[in-house]
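Colleague: Going line by line, the protein sequences match chains A and B. As numbered in my numbering, residues 3 to 266 make up the first sequence, in order. As numbered in my numbering, residues 72 to 432 make up the second sequence, in order.
Check each hint, because a few of them may be wrong.
Said to hold, decoys possible - Under 7 Å between C-beta atoms, here's a sample of chain B residues computed to sit facing chain A:
| no. | residue |
| --- | --- |
| 1 | Phe85 |
| 2 | Tyr88 |
| 3 | Ala157 |
| 4 | His161 |
| 5 | Gly171 |
| 6 | Ile182 |
These are calculated hints, taken from the structure and not from any lab test. Each residue gets a CB set at the ideal place from its N, CA and C atoms; glycine is no exception.
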Amino acid sequence: MRTPFSDVPRTTLTAFYWAFILYLLLPLTLMMAMSFKDANFVAFPIGEWTFDWYVKVMQDKQFLEACLYSIMIAAAATLAATTLGVWIAMLIVADGIRGQIVLFALACLPAVVPGMISAISLRIFISTIDMPTGTAAIILGHTVHAVPFVVVMALTRLRSMPGNLVDAARDLGADSIVAFFRVTLPYLRPALGGGMIFCVLLSIDDFVRTFFLGGYRPTLPMLIFAKVQGGMSPEINAMATLVLVVTAAVGLYAEYFTRRARTR
Amino acid sequence: MEPVVQFDDVTKSFGSYVAVENLNLSIEAGKFVTLLGPSGCGKSTSLRMLGGFETPTSGRILLNGKDVTRVPPNKRNVNIVFQDYALFPHMTVAKNIAFGLELKGLDNDKIHRRVLELLELVQLQDYAKRLPAELSGGQRQRVALMRALAPDPDVLLLDEPLSALDAKLRQQMQIELKAIQEKTGKTFMFVTHDQEEALTMSDTIVVMNKGRIEQMGDPNTLYGRPGSVFVANFIGETNLLRSAVLGMESGVAALNWNGVTIKADPGGLSPKVGEHLYVVLRPEAIHCSADEPATGNRIKGKIRQRVFKGNHTSMMVEVGDGALLNTLVHPSEIAQLEGEDVWVGWKIETATVIPDRHAHN
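Working from the sequences, and respecting the hints, build out all of it.
Modeller: Put into structure tokens, the structure is as follows:
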């Protein structure tokens, strides 16, 4: 029977949903708004509006260097994670290999281990093998973190691959290496495209691992963190807004890319 | 002439399961050979062994006289048309066909000409730049065929390539496949469980059962003179009359089938009195008539079922002690209806006799 109360769960859910959206978007909107404020401190009222902070950020050598450094690390980590991830995914679907479930579980582990624990253990690990902190260590840390995402995405695609595509390539004269590069890899491309963008975002976003493994050169999150320590200013808001817009755009594109690949 | 393909006492087992047992088979160049049998009879495994995707447990496989038993698939000159075509989804039709040619190291000019020539053979010139996903089932089938033919293999292997098509298209493709085989003069080794496909296209049919060859021969022989109960049942519709030998008279055996005395030519067999035999009688070999016919065998029976099937009528005629004969007549040939009496008759030479193997055990 329909009572005034039967709509309550749905109404409540909708209310919670909007509360959630508000909670998610309000801080971001505030942050963006403050980046246009023509004054030195972050507080209401905004009063005068300006683009000066953006101009300042774009001329900030430290910021640009940190951007470049972050991008470089992201690129290296993505390349390494993709290579490793595809390899592991191929091993998991290959015939006649034992312990595939164990392999899969191990490959996925870095995605669920808390960032702090992972960071500390990696730090202990690199000092045990006498590896200095810095670029290489950061790339290692980011790679380990990104591998599970590549594995899962590559695996999903591989499982949908007709088994005899590789057989057909072999039959037509390709050895296993040629078959991999000319048939398997192109087949994986849509999944890898999405996976790689995800790796880049993970790497650019990472703070904890970078903090424990990094040297003196700051990545983007570390630079922003250091700046925040010196007090909030609309300049930081401008920086953060730039990062937010770029990563959101890339993320949405990745989502569109994988969605299109899945429906194709 | 030396055979193109030779299976030399080939056995393949997976664990304790024997998929192919002591297979001996030679295939002559330019023939359309079909491996026919129910699923699990070892026909696909044999094909995959020839393709290089399975290694025989024992025995040898020769290709043009050369031992290829352990040669990997990319190093032997045979190509497969896979059951679901296995076209590379990210490559255009032309790229798919060129794949094997590129790996052979041909120059671009030659590849281009060969691809065009093959596309013309199946009238797909206008589809060169399409992706496989943009083709119909029949078109994909043709592309897969041309891709496998492109590198000019010694033998073309076809693994149930028509099973994914609907009935009408399948019949059309059967004719087209046979035409392409004749035009190119290639040796085709075709695997199917569909006896009609095998009869339509093959020069030679190899009937397989439980990993062994049951019988091998041209379609006419297999249909007309099946060598075993399995073959008789598997190919076409048939009446299998299990009969006891009453005696021999001038080369013709008199047999008792369900209380009816029939005559049959025992062929190479020399049956003893009391022994059981099977008489294989095709439905279309039986004549039905209102009056007593003059054929060597004639029995009076009753029509139990009469089914109109368009170009023919199928009748079940009860004779003797309730035994049924499946007959096939022209719709206008006989007016009698269900429940009415009818004469059935057949010439002695139209029936084949096969021994009842179980009786000897």
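Colleague: All hints are to be evaluated individually against the structure, with a verdict given for each.
Modeller: For each hint, the structure was consulted:
For Phe85 of chain B, the interface hint is violated, since its Cβ never comes within 7 Å of a Cβ in chain A; the closest pair sits about 13 Å apart. Restraint check, Tyr88 of chain B versus chain A: the minimum CB separation of about 17 Å is more than 7 Å; hint violated. Proximity of Ala157 of chain B to chain A holds as hinted, the smallest CB-CB distance being about 4 Å (cut-off 7 Å). Here the hint on His161 of chain B is kept, as its CB sits about 4 Å from the closest CB of chain A, short of 7 Å.
Residue-level restraint check for Gly171 of chain B holds (minimum Cβ-Cβ distance to chain A is 4 Å; threshold 7 Å). At about 13 Å, the closest approach between the beta carbon of Ile182 of chain B and any beta carbon in chain A exceeds 7 Å, and the interface hint on this residue is violated.
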